[in-house]
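Protein chains in written order, with my numbering: chain A, 8 to 338; chain B, 8 to 338.
Some clues are possibly wrong.
Any copy will do: because identical chains look the same in the list, a pair fits if it lies in one copy or spans two.
[What the hints assert, rightly or not] List time: in silico BS3-like cross-link candidates among lysine-lysine, alpha-carbon distance up to 27 Å:
{"hint": "1", "residue 1": "Lys-198", "residue 2": "Lys-39"}
{"hint": "2", "residue 1": "Lys-209", "residue 2": "Lys-183"}
{"hint": "3", "residue 1": "Lys-45", "residue 2": "Lys-110"}
{"hint": "4", "residue 1": "Lys-67", "residue 2": "Lys-112"}
{"hint": "5", "residue 1": "Lys-45", "residue 2": "Lys-112"}
{"hint": "6", "residue 1": "Lys-45", "residue 2": "Lys-214"}
{"hint": "7", "residue 1": "Lys-236", "residue 2": "Lys-308"}
{"hint": "8", "residue 1": "Lys-198", "residue 2": "Lys-63"}
Read the hints as simulated data drawn from the structure, not as lab findings.
Here is what each chain is made of, one letter per residue.
There are 2 protein chains.
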Amino acid sequence: MASIREVAALANVSPSTVSRVMNGTANVDPEKRERVLKAIEESGFTPNEVARSLFKKSSKTLGMIIPSIKNPFFTELSSAIERTANQYGYRMILSNTGGNLEKEKNAISMLVSMNVDGIVLATSNAGLRSYLDNCKTPIVTIDRLISKNASGGYIHCDHYEGGRLAAEHLIDCGCKSIVCVRGLDGISSAKERFAGYLDVCKENGIKEQSIICDYDFNEGLAMTEDLLKQYPDVDGIIACNDMVAISIYKVLHRKKIRVPEEIQIIGYDNINLSRLMTPEFTTVAQPIEKMGVKAARLLIKKESNRQQEYIFSPELIIRETTKLQKGADAQ
Amino acid sequence: MASIREVAALANVSPSTVSRVMNGTANVDPEKRERVLKAIEESGFTPNEVARSLFKKSSKTLGMIIPSIKNPFFTELSSAIERTANQYGYRMILSNTGGNLEKEKNAISMLVSMNVDGIVLATSNAGLRSYLDNCKTPIVTIDRLISKNASGGYIHCDHYEGGRLAAEHLIDCGCKSIVCVRGLDGISSAKERFAGYLDVCKENGIKEQSIICDYDFNEGLAMTEDLLKQYPDVDGIIACNDMVAISIYKVLHRKKIRVPEEIQIIGYDNINLSRLMTPEFTTVAQPIEKMGVKAARLLIKKESNRQQEYIFSPELIIRETTKLQKGADAQ
DNA sequence: AAACATCTTGAAACGGGTTTCAAAAGAAAA
DNA sequence: TTTTCTTTTGAAACCCGTTTCAAGATGTTT
Numbered sequence: 008m009a010s011i012r013e014v015a016a017l018a019n020v021s022p023s024t025v026s027r028v029m030n031g032t033a034n035v036d037p038e039k040r041e042r043v044l045k046a047i048e049e050s051g052f053t054p055n056e057v058a059r060s061l062f063k064k065s066s067k068t069l070g071m072i073i074p075s076i077k078n079p080f081f082t083e084l085s086s087a088i089e090r091t092a093n094q095y096g097y098r099m100i101l102s103n104t105g106g107n108l109e110k111e112k113n114a115i116s117m118l119v120s121m122n123v124d125g126i127v128l129a130t131s132n133a134g135l136r137s138y139l140d141n142c143k144t145p146i147v148t149i150d151r152l153i154s155k156n157a158s159g160g161y162i163h164c165d166h167y168e169g170g171r172l173a174a175e176h177l178i179d180c181g182c183k184s185i186v187c188v189r190g191l192d193g194i195s196s197a198k199e200r201f202a203g204y205l206d207v208c209k210e211n212g213i214k215e216q217s218i219i220c221d222y223d224f225n226e227g228l229a230m231t232e233d234l235l236k237q238y239p240d241v242d243g244i245i246a247c248n249d250m251v252a253i254s255i256y257k258v259l260h261r262k263k264i265r266v267p268e269e270i271q272i273i274g275y276d277n278i279n280l281s282r283l284m285t286p287e288f289t290t291v292a293q294p295i296e297k298m299g300v301k302a303a304r305l306l307i308k309k310e311s312n313r314q315q316e317y318i319f320s321p322e323l324i325i326r327e328t329t330k331l332q333k334g335a336d337a338q
Numbered sequence: 008m009a010s011i012r013e014v015a016a017l018a019n020v021s022p023s024t025v026s027r028v029m030n031g032t033a034n035v036d037p038e039k040r041e042r043v044l045k046a047i048e049e050s051g052f053t054p055n056e057v058a059r060s061l062f063k064k065s066s067k068t069l070g071m072i073i074p075s076i077k078n079p080f081f082t083e084l085s086s087a088i089e090r091t092a093n094q095y096g097y098r099m100i101l102s103n104t105g106g107n108l109e110k111e112k113n114a115i116s117m118l119v120s121m122n123v124d125g126i127v128l129a130t131s132n133a134g135l136r137s138y139l140d141n142c143k144t145p146i147v148t149i150d151r152l153i154s155k156n157a158s159g160g161y162i163h164c165d166h167y168e169g170g171r172l173a174a175e176h177l178i179d180c181g182c183k184s185i186v187c188v189r190g191l192d193g194i195s196s197a198k199e200r201f202a203g204y205l206d207v208c209k210e211n212g213i214k215e216q217s218i219i220c221d222y223d224f225n226e227g228l229a230m231t232e233d234l235l236k237q238y239p240d241v242d243g244i245i246a247c248n249d250m251v252a253i254s255i256y257k258v259l260h261r262k263k264i265r266v267p268e269e270i271q272i273i274g275y276d277n278i279n280l281s282r283l284m285t286p287e288f289t290t291v292a293q294p295i296e297k298m299g300v301k302a303a304r305l306l307i308k309k310e311s312n313r314q315q316e317y318i319f320s321p322e323l324i325i326r327e328t329t330k331l332q333k334g335a336d337a338q
């Protein structure tokens, strides 16, 4: 509320002196310093961070933009980024866009205006590309690719390999009729995972079967009904993420179809919940924690980012929704 | 990137004219308007939202502060608020604090600096009280009470009644040894729910048994082990929220204790997940949606806030983790 | 005492939109 | 043609913290 000029008047010094006391940027006469401190105390003055960042070009803040706050993959990712940012004295603010292009542009422009020191974008709207290429604020895209020119780099987990891992595992588990539940078409990660699945199918001479589903459990519920109608002999399902895997299980359970005896399910992401479910879900893990840390460190310049692309490896986590034919284990 | 003065120079007009063209605040000669529009186009100018809000006192933005982004209660709440804000042309930004006092102060001061039009605070740090009382930006506290003076009002669900509902239901279900898993001591909502439980115990002459647990499933996992040691004859558990209920179930299932046959569980909040689980969880529902809409509307001044306190009613949702002795049903 | 070095301090400019105010230009009325 | 009213326009002030720059004050050296 109170401004630096009011504090200055109260302490009978100039605004510059108040600023110097607050920031310790220069010596101030001890007696005046006392007066200033007292005036700050009395007026309950807190500096306006925005006016401050308007001049300096940093706000010690990272911005994060996610498509869905209800998807634990993104909340776990943002937690990792925030924790890392905090370690370096930065804060993080979050903006949820639901994948809406206008909201995304809007969020970016607000974040840039705030002089955030970097933005991590976990969103995949192709319409953002030109926006990104012209943005002076470093942006790292994570999980999904929009533009290779994004100033801050592109962090992702090898989705193609993840798709392969899932498909190979179901084959190892004896599945003969595997259905791949693909993410929406516009999402680069979904495309790559599907490509991995496709190649494994070809190599093993199995039929390619797929169905599209948004990353949301309500969508998952409805989609599963369709899936069962369309592929009545299905015995293995690759879900596009763990939330959808959970909703697939829900529908199967309601229909008294046993998992993994009749149909096996493998999820994707390895969110905390996948381990908390009963049964525990087999899934392809993304190193969420590591990816988040990397993103934060890149933006805070704790790591050189000469490199443009950072690829992490997925890992198969075998739990209770699939059943290996013989031998082997993981986790 | 480009500033309004650069655009002005390009179009050969004054900055004021550019501002007028952008905002339609006054008539501008059609020919000059064209020049300005063209200059904006060419320079890729986007107005600096912060500089703008530094002058105007509004930024068409709501801020939200939550203690844990991993707790679906808060993400569902923030989704409701955001959706409502968007309907009125406002955006929302989110700040996650982990309940840390310093981070909360920090978040508030940043939000205030940004000239957000209102803050919704779902956090419960008593140390924030004086902060809130002096804050010129309207703040509504939701779910948890900090100060009755909070400018924007206090929205909550009747926690005492919720505690009663849960306890009475377990009694109706025939439980003889009920353990109440209480939230942390500093949290007002947790205290009130516990008070409700306590009164029901007294009225029915049952033993009061409780254990403290943070709102987090990892805590829940560890706490459940203690609970079983401390109260080996427990046959009914009131969880402090749905996430904890899920982790309690997890531990019981691992130990081959059947739910609800041997131990019945009731959660709290009615997050989406509670319905997605197998078995589906009995819970005390908070009207998350309604509370969020209310908070947003209050701050956006779509509703007068002469009133200071808005109390919603909890609702018992009976599902599969409890078993009524005779008759009745819901949802 | 004069000359020089050092420290402390406030005025002013800055960053980027917005708005007020008064001047200039144009149009209508006398 | 002159007066009056209306419209358009830019200069300048504003929001608020920071920083530069130069002046003032103090202290040190010869």
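*Classify it for me, Lys-45 with Lys-110: is the Cα-Cα distance of at most 27 Å met within a copy, between copies, both or neither?*
between (44 Å within a copy, 24 Å between copies)
_Within, between, both or neither: how does the pair Lys-67, Lys-112 come out at a Cα-Cα threshold of 27 Å?_
Both. Shortest intra-copy (22 Å) and inter-copy (15 Å) distances satisfy the 27 Å Cα cut-off.
*asked:* I want to check one pair: Lys-209 and Lys-183. Are their C-alpha atoms no more than 27 Å apart within a copy, between two copies, both, or neither?
replied: For Lys-209 and Lys-183, only the intra-copy Cα distance (13 Å) is at most 27 Å; the inter-copy one is 60 Å.
*Which holds for Lys-198 with Lys-63 at a C-alpha limit of 27 Å: within a copy, between copies, both or neither?*
Cα proximity of Lys-198 and Lys-63: none, with 42 Å in one copy and 45 Å across.
_At most 27 Å between alpha carbons: which applies to Lys-45 and Lys-112, within, between, both or neither?_
between (44 Å within a copy, 20 Å between copies)
_One pair to classify: Lys-198 and Lys-39, alpha carbons no more than 27 Å apart. Within, between, both, or neither?_
Answer is neither: 65 Å inside a copy and 47 Å across each miss the 27 Å cutoff.
*Within a copy, between copies, both or neither: where do Lys-45 and Lys-214 come within 27 Å Cα-Cα?*
Answer is neither; intra-copy 77 Å and inter-copy 55 Å both fail.
*From the Cα coordinates, with 27 Å as the cut-off, is the pair Lys-236 and Lys-308 best called within, between, both, or neither?*
Neither way: Lys-236 and Lys-308 sit 52 Å apart in one copy and 49 Å across, limit 27 Å.
Violated hints for the displayed structure, listed by number in ascending order: 1, 6, 7, 8.
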